[in-house]
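J.: From first to last, the protein sequence lines are chains D and W. Under this note's numbering, think of the first position of the first sequence as 1, with each following residue one higher. Under this note's numbering, think of the first position of the second sequence as 1, with each following residue one higher.
Think of the hints as simulated: they come from the structure by calculation, not from any bench. In this text, all values refer to a predicted model and were calculated from it rather than measured experimentally. The C-beta atom is built at its ideal place from N, Cα and C for all residues, glycine as well. It is possible that some hints are incorrect.
[Unchecked claim] Just so you have them, the derived chain W footprint on chain D, three or more residues with Cβ under 8 Å:
(1) 38-50
(2) 64-71
(3) 80-93
(4) 183-195
(5) 252-265
(6) 405-412
Here is how the chains run, residue by residue.
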Amino acid sequence: MSNINEFCKKILDYAKENCGGEYEVYAANGESFRVEVLDGQIKNYSVNDYAGISFRIKKNGKMGYASTSSFDEDGIPELVRAASDNAAIIENPDEQFIFSGSEKYPSPKVYNEELDTVTAEEKIEFAKEMEIKAKAADPRIIKVESSTVISGKSTVIIKNSNGMDLCESSNYVAAYVVPIASDGEKMNDGFGVCGGFDRSCLDADKAVKKGVGEAIDFLDARSVKSAPMRIIFRNSAMCDMIETFSGIFSSENAQRGLSMLAGKEGEKIAADCVTLTDDPTTDFGFGSRAFDAEGVAGRRTVVVENGTLKTLLYNLETAHKAGVESTGNASKGGYTSPIGISVSNFTLTQGEKTLEQLAGKMGEGLIITEVSGLHAGANAVTGDFSLMAKGYLVEGGKQGRAVNGVTVSGNFYELLKNIEEPGCDVYRNMFGEAISAPSVLMGKPMSVAGE
Amino acid sequence: MIEKRVSESVLLKAMSTGADYAELYVEDTTSDSVSMIADCVDSANTARDRGAGVRIFCGTNSVYAYGNGTDEKSLMELAAKAAAAASTARSAKIDLVLNEVKFDPVCRAEIPADSVEKKIKVDALKEAYFAAKEYGEEIVQVRGGLSSSSKRIYVANSDGVIGTDERPYIRLAVSAVASDGKENQSGFVGPGGGAGFEFVRGLDLKAEGREAARIATTMLHAGKCPAGKMAVVMGNAFGGVVFHEACGHALEATSVGLGNSVFCGKLGQKIANEKVSAVDDATMTGEWGSRAMSDEGEKTERIQLIKDGILTGYMIDKLGSRRMNMRSTGSGRRQNYAFAPTSRMSNTFICAGNDKREDIISGTEYGLFASKMGGGSVNPLTGEFNFAVMEGYMIRGGRICEPVRGATLIGKGYEVLLNIDMVSDDLVLGQGMCGSVSGSIQTNVGQPMIRISEITVGGEIE
Chain D
1 MSNINEFCKK ILDYAKENCG GEYEVYAANG ESFRVEVLDG QIKNYSVNDY AGISFRIKKN
61 GKMGYASTSS FDEDGIPELV RAASDNAAII ENPDEQFIFS GSEKYPSPKV YNEELDTVTA
121 EEKIEFAKEM EIKAKAADPR IIKVESSTVI SGKSTVIIKN SNGMDLCESS NYVAAYVVPI
181 ASDGEKMNDG FGVCGGFDRS CLDADKAVKK GVGEAIDFLD ARSVKSAPMR IIFRNSAMCD
241 MIETFSGIFS SENAQRGLSM LAGKEGEKIA ADCVTLTDDP TTDFGFGSRA FDAEGVAGRR
301 TVVVENGTLK TLLYNLETAH KAGVESTGNA SKGGYTSPIG ISVSNFTLTQ GEKTLEQLAG
361 KMGEGLIITE VSGLHAGANA VTGDFSLMAK GYLVEGGKQG RAVNGVTVSG NFYELLKNIE
421 EPGCDVYRNM FGEAISAPSV LMGKPMSVAG E
Chain W
1 MIEKRVSESV LLKAMSTGAD YAELYVEDTT SDSVSMIADC VDSANTARDR GAGVRIFCGT
61 NSVYAYGNGT DEKSLMELAA KAAAAASTAR SAKIDLVLNE VKFDPVCRAE IPADSVEKKI
121 KVDALKEAYF AAKEYGEEIV QVRGGLSSSS KRIYVANSDG VIGTDERPYI RLAVSAVASD
181 GKENQSGFVG PGGGAGFEFV RGLDLKAEGR EAARIATTML HAGKCPAGKM AVVMGNAFGG
241 VVFHEACGHA LEATSVGLGN SVFCGKLGQK IANEKVSAVD DATMTGEWGS RAMSDEGEKT
301 ERIQLIKDGI LTGYMIDKLG SRRMNMRSTG SGRRQNYAFA PTSRMSNTFI CAGNDKREDI
361 ISGTEYGLFA SKMGGGSVNP LTGEFNFAVM EGYMIRGGRI CEPVRGATLI GKGYEVLLNI
421 DMVSDDLVLG QGMCGSVSGS IQTNVGQPMI RISEITVGGE IE
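Could you put together the complete structure from these sequences and hints?
T.: See the structure below:
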């Protein structure tokens, strides 16, 4: 860690002596651990530590980037030169920013020292225990494809020529199990997961219950006749839908004509029951952080309130262009990426009914528990989606037989308007973006293609 | 890249606690990208990524340790970490003799991309970009990118091999958005190769840009695709994503070796219509998915996966080889040093058949012509797949009729393979990125035009 800090200083010192303009170093480093157990033995085991540095420089108003994972002092001039060369070919006329720091920063809890005391042996034992429990849960579970524990910690450092000097560390632990069920002919797998920021988040029973349930329930799943159907997106499926289309709330996409929400701030874009907030300042969220990728302080932003679009999500460049303040949503896909925009902890506000009550209200229809093919069957620019789905039929207000081999199609902008009622069973997405959402009952029927 | 003496010490250290195989992988990659949006160069990035990984096997169990350091001290630390995790404490005497093995390159950069002035790259990108933008008034936005990289790889393993490989990659990508003010539609092209800047010189850049815009514009005027089961004619090139998803992933040792594939134990059996033959060929010159050496230090091969409908081969890496008791086919690949390698596809395609395109269309009374495919995904265990149709048309009375959008194809791989009833003679490859347990890698899909007699099409229900 201290080595990285020193290396960052050396880059800044070199840039100070050799370049004009404003410049910044963004460093990410950390370590991760992964163990996967099969038949009580360690099938895969992986440990690593990693570090990478991105340097950016603003020259003649244009921003150029270069990055390296090689901490060789002789490479510093090349790093700085590459970023300067890149700046020289940029044509984007929008004003660029190297930030000097926010007045005040929130301090959400994102690092739990307790997790550092969980040993590799304990994680291996947990993976073994989870596998045993999954196999014992039901005679139809013939094996466990994967029982895995992952953990990691990471640190972000931002230092620049305007005096900003920020550092934040976070850690986590998670586990997942993939049990395989068979009825003698067909096989089917399920996925159960648990995790969070303290030892107690490693809850084998919770992961096994979900994974085994999925594996068994869908063994005899069948398709349905193609028809328009009433739909409930179960909480985790709703999280996946929101994650796939969260980019429509990015001001960068809106300013580039890649979101249909451009110019709609203040307008009704969703049903009255829809409120969406972005809040990196909560303790121990998967998207919690004190500052964003430009060093702007994190803050709570109500994006959609009772169906009205209050604001898009901004970084410094897009906020300046729109004449508003940054919402602190600058992000980097990885340390090498240029600055973009993404959500932090993005939450669809819950309602009052349980999933069972929502099903009762729906009467006849389909609970969708899983959508797949999101990277292919969903177009974030148009909002159109057509996704392979799994779930349960609902008949007479009760959850019935399992359904697979169907696709559900529609448009996300229309979906937002078509939400009839959110439930109370909030799910927190653990991998990918930190989306939280309850199950959601849709109003008008949606297209379900099957047989 | 690494002294032989150092590699030997690292491998011996890694095996010191009882491992029966060890492998050192070192990588140094430089990459360069420039991208455009809103008619101007918006982003330019240069990256150097260097790192190493040490992997050991104890039977069919695997331990992997990786990090950024590639000096002797760092590599020895990685070896110690890996060895510590094995700790079977079985101390066998290890005879290790390393020999350099030469792999004849299959991908060469005649004009290394990093030797080309940035302005020349920008000019090439602009040619494609503005051809898309100026295609018509409905094109409201275009995104374009030109990225290139050069990857140097060193592998030393306890099978006694020291091997190196150099891999150049280059790819142009143009994405166009057409809008009528109420709705958006998009189109994409992304030609790439295992080559240098000469690849870009060989492209008709304007035609590439116009093609992205043409797809977006056509789809803007398309009605919604009807849903249900129907015959589907799939275009060549990226249409091969159906085979990649529906069959290719389930033929990787990653799933077969653990008994998690519908194709386990099916060698020598009929799994596809007799018109279907398919191969995975990493040895093709200059192709996007090609490489001379696997990421495990083995020579790559042309693997016959299916011959006249009969399953004839799997794609197997070293660990898969141990699990399956079959020889490795040199299929071990990884995104970079941050991933342990596993069996992956390279250039994977359905071979040319004897049918003619026009006969396939005219012989189809009613169905969907999926002219251009988007991406997709599959569950290798159940064979269930889905993929998106980027450009589609209805077929009625043996003729291609109106364009339709929003179609997805879903089904089970083993069913679709049997339902391919016509295969034309116009094989073309298409470039994509494939994501799996060892990361995101360059793969070619490919096929001639084929017909699937019946498959579920997801779309709009009247």
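J.: Hints first: check each against the structure and report whether it holds.
T.: Comparing the hints with the structure gives:
Residues of the segment 38-50 of chain D with a Cβ under 8 Å from some Cβ of chain W number 11, which satisfies the need for three, so the listed coverage holds. Here the segment 64-71 of chain D counts 8 residues with a CB under 8 Å from a CB of chain W, which clears the bar of 3, and the coverage holds. A stretch counts as covered by a chain when three or more of its residues have a beta carbon under 8 Å from one of that chain; for the segment 80-93 of chain D and chain W the count is 11, and the coverage holds. With 4 residues carrying a beta carbon less than 8 Å from a beta carbon of chain W, the segment 183-195 of chain D meets the three-residue requirement, and the given coverage holds.
Counting residues of the segment 252-265 of chain D whose CB lies closer than 8 Å to any CB of chain W gives 4, which reaches the minimum of 3, so the coverage claim holds. A count of 5 residues in the segment 405-412 of chain D with a Cβ less than 8 Å from any Cβ of chain W is obtained; the coverage claim is therefore met, three being the minimum.
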